[in-house]
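Q: For reference, the chains in residue letters:
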Amino acid sequence: MSDTTAIPPAAPPVRRTARAEELPARLFARLAASRRPVRVVSIFSFVVAILVFAAGAFADRPLWSPFVMLTVFYACLWLTPAIYLFRYSRAIDHALSSPGAPAIERVLRQQLRYWRFAGGYAVVHLLLMIATAIKTSL
Amino acid sequence: MNESEQVSPPQYGSMTASIVATAASLRRWVRVIAVELAAIGTLALVGGHVAVFTVAGKVPAARGFLIGVATCFSTMALALLVQSFLLFRYGEHLEIAARQRRSAPLADAARYENGYWWLTAVIILALTLGVLFVAVGYETNVLEHQDVAATAPLRAFEAQSGDSADVKPYALLALVGVVLVGFALRP
Chain A
10 MSDTTAIPPA APPVRRTARA EELPARLFAR LAASRRPVRV VSIFSFVVAI
60 LVFAAGAFAD RPLWSPFVML TVFYACLWLT PAIYLFRYSR AIDHALSSPG
110 APAIERVLRQ QLRYWRFAGG YAVVHLLLMI ATAIKTSL
Chain B
188 MNESEQVSPP QYGSMTASIV ATAASLRRWV RVIAVELAAI GTLALVGGHV
238 AVFTVAGKVP AARGFLIGVA TCFSTMALAL LVQSFLLFRY GEHLEIAARQ
288 RRSAPLADAA RYENGYWWLT AVIILALTLG VLFVAVGYET NVLEHQDVAA
338 TAPLRAFEAQ SGDSADVKPY ALLALVGVVL VGFALRP
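Respectively, the protein sequence lines represent chains A and B. In case it helps, the working numbering puts the first sequence at residues 10 to 147. In case it helps, the working numbering puts the second sequence at residues 188 to 374.
Check each hint, because a few of them may be wrong.
What the hints assert, rightly or not - These stretches of chain B come out as covered by chain A in the derived footprint (C-beta under 8 Å, 3 or more residues):
hint: 1; region: 207 to 213
hint: 2; region: 304 to 316
Claimed, not checked - Where chain A lies over chain B, by a calculated footprint (3+ residues, C-beta under 8 Å):
hint: 3; region: 220 to 233
hint: 4; region: 251 to 265
hint: 5; region: 362 to 369
Stated by the list, open to error - Here are a few chain B residues that sit away from chain A, every Cβ distance over 12 Å (derived from the structure):
hint: 6; residue: Trp216
hint: 7; residue: Leu268
hint: 8; residue: Tyr299
hint: 9; residue: Pro356
hint: 10; residue: Tyr357
hint: 11; residue: Leu359
Because the hints were derived from the structure by calculation, they are not lab data. Even for Gly, the Cβ is constructed at its ideal location relative to N, Cα and C.
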């Protein structure tokens with residue numbers, strides 16, 4: 010009998026599988042607590058977007074002017090997170106009414122969309138701040 | 188107790204690989220925001236105070252007003268730093284949940300996220316109240332003497348980018364905004 014047959018093959022490492030654990034009830038309880046402030050922030054962003062848009066729409070300027078274009082841009086910049094957050098809060102509603110892994114996945118995906126937008130905006134914002142600081146110091 | 192009398196706990200489903208992947212991706216972006224909030228909070232705390240006390244040294248008469256401004260800066264900066272801390276912790280727990288593939292850290296993460304949203308809502312309501320107070324002060328002419336200073340940036344912008352200025356870059360910005368909204372509306 011050779012040595013190689015004597016040594017048993019190494020057992021695969023014991024790893025906790027993704028399906029092993031149940032989602033805890035407190036996760037849903039905390040999501041329920043987050044729903045209200047998320048909706049408040051969403052509504053606030055929506056109102057600001059409407060106000061900024063109204064400032065451009067009712068300004069005594071031609072439509073094809075820098076001021077109006079800039080207000081459209083800023084209104085969209087406020088409207089986008091409002092939409093993401095509103096969908097996030099709706100996903101929480103859905104998760105609370107029919108709790109389960111797909112609902113949690115949806116909540117996280119909606120949240121990811123919001124954070125991806127906010128993260129991208131944050132990076133652009135920081136770069137612009139640094140560029141402005143360098144430009145003014147020169 | 189009889190086995191048939193036992194009440195089974197409610198089932199909420201289980202941790203899936205997709206949840207783990209989303210949590211891992213979420214952690215990355217949450218970190219970016221946390222870093223930016225920490226940077227802005229620190230800048231507001233340090234830069235704001237340096238600016239305020241430099242002006243206070245030159246204009247002693249405005250010292251009381253400037254101390255008020257410095258207090259506002261400090262409060263805002265502290266709120267931002269607390270938000271940054273909450274997001275850092277949120278990101279940490281998301282990372283643990285993704286690495287260990289367990290749902291308990293996900294529930295812990297939700298606690299920090301909950302704190303972040305409550306603080307954000309409070310900050311927004313405080314800012315709204317602040318704007319309302321300024322608007323009321325403006326209407327009652329309390330702030331009349333500050334009109335010129337308050338509208339200076341707007342007038343500077345108008346001077347720089349009047350209706351005769353090249354509209355194309357601004358139109359491009361507006362288009363970017365519309366695309367962002369369209370992107371947010373996709374199913």
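Q: Each hint needs a verdict: does it hold in this structure or not?
A: Checked hints:
1. 207 to 213: The restraint on the region 207 to 213 of chain B holds, since 5 of its residues have a Cβ under 8 Å from chain A and three suffice.
2. 304 to 316: holds (count 7)
3. 220 to 233: holds (count 3)
4. 251 to 265: Result for this restraint: violated, n = 0.
5. 362 to 369: It holds, with 5 qualifying residues against the three required.
6. Trp216: Not fine: 4 Å to the nearest Cβ puts Trp216 (chain B) too close to chain A.
7. Leu268: The assertion about Leu268 (chain B) holds, with a minimum of 16 Å to chain A.
8. Tyr299: The claim breaks: Tyr299 (chain B) does not keep its Cβ more than 12 Å from every Cβ of chain A (closest is about 9 Å).
9. Pro356: For Pro356 (chain B), whose nearest Cβ neighbour in chain A is about 8 Å away, the distance does not exceed 12 Å, so it is violated.
10. Tyr357: It is violated; Tyr357 (chain B) is separated from chain A by about 4 Å at its closest Cβ, not greater than 12 Å.
11. Leu359: With a cut-off of 12 Å, Leu359 (chain B) comes too close to chain A, as the shortest Cβ separation is near 8 Å.
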